[in-house]
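Peer 1: Listed below are the residues making up each chain.
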Amino acid sequence: MRTDRREFLIGASFALLGAASKRKLWAQTPADVRLEIAPLKLDIAPGKVIHTVAYNGGVPGPLIRWPEGKPITIDVVNNTDVPEIVHWHGLWIPSDQDGAAEEGSPMIVAGGQRRYSFTPRPAGFRWYHTHAFAGHDLKRGGYTGQFGCFYIEAKQEPGAYDQEIFLTLHDWNAYMGGSGDASMDAFYDYATINARMLGHGDPVKVREGQRLLFHVLNASATATHWLALAGHEFTVVAMDGNDVPRQAKVSAVRLAAAERIDLLVEMNRPGVWVLGETRSDFRRAGMGIVVEYANQRGEPKWIGPPETLWDYTLFAKQALVAVEPDERIPLLFASKFHGHGDFDYWTINGKSYPKTDSISLREGKHYRLAMRNKSSDDHPIHLHRHTFEVTSLDGKPLSGLRKDVVVVKANSNAEIDFVAGNPGATLFHCHQQSHMDFGFMMLFRYV
Amino acid sequence: MILLVLGFLALRPAKAQDNYEIQVYGSDTVAPKTTMLELHSNFTAEGSCPEPGSRFTAEGVYPTNHAEHETVEITQGVNSWSEVGFYIFTSARNGDGWQWVGDHIRPRVRAPDSWHWPVGVSLSMEFGYQRASFSKDTWTMELRPIIDKQIERWYFAVNPALERSFHGPSVPQGIGFSPSAKFSYDFNKYISGGLEYYASYGSITGVSSLHNQEQQFFPTIDLNVSPNWEINFGVGIGATASTDHLIVKGILGRRFDWTHHRAGSSDSTQ
Numbered sequence: 000m001r002t003d004r005r006e007f008l009i010g011a012s013f014a015l016l017g018a019a020s021k022r023k024l025w026a027q028t029p030a031d032v033r034l035e036i037a038p039l040k041l042d043i044a045p046g047k048v049i050h051t052v053a054y055n056g057g058v059p060g061p062l063i064r065w066p067e068g069k070p071i072t073i074d075v076v077n078n079t080d081v082p083e084i085v086h087w088h089g090l091w092i093p094s095d096q097d098g099a100a101e102e103g104s105p106m107i108v109a110g111g112q113r114r115y116s117f118t119p120r121p122a123g124f125r126w127y128h129t130h131a132f133a134g135h136d137l138k139r140g141g142y143t144g145q146f147g148c149f150y151i152e153a154k155q156e157p158g159a160y161d162q163e164i165f166l167t168l169h170d171w172n173a174y175m176g177g178s179g180d181a182s183m184d185a186f187y188d189y190a191t192i193n194a195r196m197l198g199h200g201d202p203v204k205v206r207e208g209q210r211l212l213f214h215v216l217n218a219s220a221t222a223t224h225w226l227a228l229a230g231h232e233f234t235v236v237a238m239d240g241n242d243v244p245r246q247a248k249v250s251a252v253r254l255a256a257a258e259r260i261d262l263l264v265e266m267n268r269p270g271v272w273v274l275g276e277t278r279s280d281f282r283r284a285g286m287g288i289v290v291e292y293a294n295q296r297g298e299p300k301w302i303g304p305p306e307t308l309w310d311y312t313l314f315a316k317q318a319l320v321a322v323e324p325d326e327r328i329p330l331l332f333a334s335k336f337h338g339h340g341d342f343d344y345w346t347i348n349g350k351s352y353p354k355t356d357s358i359s360l361r362e363g364k365h366y367r368l369a370m371r372n373k374s375s376d377d378h379p380i381h382l383h384r385h386t387f388e389v390t391s392l393d394g395k396p397l398s399g400l401r402k403d404v405v406v407v408k409a410n411s412n413a414e415i416d417f418v419a420g421n422p423g424a425t426l427f428h429c430h431q432q433s434h435m436d437f438g439f440m441m442l443f444r445y446v
Numbered sequence: 000m001i002l003l004v005l006g007f008l009a010l011r012p013a014k015a016q017d018n019y020e021i022q023v024y025g026s027d028t029v030a031p032k033t034t035m036l037e038l039h040s041n042f043t044a045e046g047s048c049p050e051p052g053s054r055f056t057a058e059g060v061y062p063t064n065h066a067e068h069e070t071v072e073i074t075q076g077v078n079s080w081s082e083v084g085f086y087i088f089t090s091a092r093n094g095d096g097w098q099w100v101g102d103h104i105r106p107r108v109r110a111p112d113s114w115h116w117p118v119g120v121s122l123s124m125e126f127g128y129q130r131a132s133f134s135k136d137t138w139t140m141e142l143r144p145i146i147d148k149q150i151e152r153w154y155f156a157v158n159p160a161l162e163r164s165f166h167g168p169s170v171p172q173g174i175g176f177s178p179s180a181k182f183s184y185d186f187n188k189y190i191s192g193g194l195e196y197y198a199s200y201g202s203i204t205g206v207s208s209l210h211n212q213e214q215q216f217f218p219t220i221d222l223n224v225s226p227n228w229e230i231n232f233g234v235g236i237g238a239t240a241s242t243d244h245l246i247v248k249g250i251l252g253r254r255f256d257w258t259h260h261r262a263g264s265s266d267s268t269q
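Chains as they are written, first to last, in numbering that gives the first Met the number 0: chain A, 0 to 446; chain B, 0 to 269.
These are computed hints drawn from the structure, not numbers from a lab.
Nothing here was measured: the structure is a model prediction, and the numbers come from that model.
C-beta: ideal position from N, C-alpha, C; glycine also.
Don't take every hint at face value.
[What the hints assert, rightly or not] No more than 27 Å apart at the CA atoms, straight line, and that leaves these computed lysine-lysine pairs for BS3-like:
id: 1; chain 1: A; residue 1: 300; chain 2: B; residue 2: 188
id: 2; chain 1: B; residue 1: 188; chain 2: A; residue 2: 373
id: 3; chain 1: A; residue 1: 373; chain 2: A; residue 2: 354
id: 4; chain 1: B; residue 1: 32; chain 2: A; residue 2: 335
[Unchecked claim] Derived list of chain A stretches under chain B, where covered just means 3 residues or more per stretch with a C-beta under 8 Å from a C-beta of chain B:
id: 5; region: 302 to 310
id: 6; region: 327 to 340
id: 7; region: 379 to 386
[What the hints assert, rightly or not] Some chain A residues flagged as far from chain B (calculated, every beta-carbon gap over 10 Å):
id: 8; residue: 45
id: 9; residue: 121
id: 10; residue: 134
id: 11; residue: 210
id: 12; residue: 253
id: 13; residue: 361
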């Protein structure tokens, strides 16, 4: 049922926009950015080749660095044999440009192309990625290499760092395996940073005394990752591209699928170190990169950080005065068992997409989503086209932490607030591909 | 009479485990740094009886009728594709007390997930001793290939086991064939119901007559209340003259994770 609806949208897109736009766009002036979606044989280490789909023949796709408020045009050419679509994650742009078929953005037919036109905002670390359905085909959608970083430059950036480095985490060769919650989940053979396995990519070269700013994106289709830099601490300065109200030092950071984090590191311990997954299984699978100080040689060293539990509240302010929203929207997340040999299906308030309720929003109103996750999985929840503020976690109020993805932990409650300031259909979903594909989505509509 | 008994024994298949561990194996192995502790409790409601005036059956072993067999199985995960299991077999029967029966050790390997085989495959090799008063074949070995597959709510497993006795009357028969199989259906997340089949056909070079084969069918229930617990319950019906006719079996297993990582932490893969 779920795929039927999506296929209907895809079909409608073809009929209305596909062929026509194909003819029209070629005649236009060259776009600011051009992305070509095509199959790729990706070398992640000697002898390890991933057959995937990517942008412009590389993973990640090209870094798009663009001033806030300056209009941009992006031509996307789909040189695969299936419909595709590109979502501009974290940007406040219109629904038909956002790149989600459910909101009304047209799919790009196989062999076709589409021009996206919008004004990038807000400033900060955003990203772009496919928003295509994968279902049981773990070689499509977010399981592929279709992602890239989109950095929107603020008019005034302090630039208090010596080097700026973008790191993208991804997992490869997904397969269905039995998981601890008695249903199937996606597991992976390999994990990479910037598409190379640990020890097989170019090291990050640094000098003692430098301040490094890492922009880290977890572009995994489903997996959560922990990162640490051996012998160093991170100062968390932004989450999902938005400055945190309270910077804090940590020895390891957690990123769920689609989350981003900006980290400052004082390079004060010369050596050759591993920046990698804190868990040895993932480092063995490849998730790591070498950080090499000038004039330092030798095997990269790993020092595990102390066992850490992630706590968003470290980076938020205490909420002193409770601000009441105009409307509180309760959302209950639950799983629907489909056998120990299948993925779970998912419901929001008892219904799976496309049967989920469509919530009405009025422009300018302040809404609170009161989320209760009664499943045994964590869910990185994403709201399209808006930034929200995390206002409480398991009853603990907080303020100032602005994000577009937040993890609602298993058997927990979380509340997020947003102002309906960007009219148009707005998708809300779990960013785990295997969850959103099996019902964990709903639409907000402005009335 | 003696000749008749000897003749019968020669035709009986070598069955090392009898009613001590009644389980169709799945291909998965216990995770590293994890121990699985299982208790197999099997009560034979209708089984072999002693010869008149004797404590033993015609085969010279303790009877199974109204015997309670308790087996402790301890399995330690070695790495992501192997484990080692150890068994302590015991038997309790009115008048015979509670007795140690024997011990087995069982290393097992499986096709790693990274091979992406369309079915789960593993291979176990079980070797051990049981007292002659419980089995005339005292030293035995079993090679058990395991193939299984879960498709949505359906689960299938087959264990075409080969057995060999190294000391006892079944030595001349060579390798025996003792297959078992299972299918089950997930009624919901927590309850699966199915049917298990256990057989012993005799030697691979000379299949026993149906009368002398062992064939048992167990309607079973599996309760999946937690990833740390394994609960299986079934009632078995013997379909041939050489099989115990009615057995009630239960398996209670508890998994112990020795890594002591907090779920969701930077060190935990849970």
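Peer 1: Checked against the structure, which of the hints given earlier come out wrong?
Peer 2: 1, 4, 7, 12
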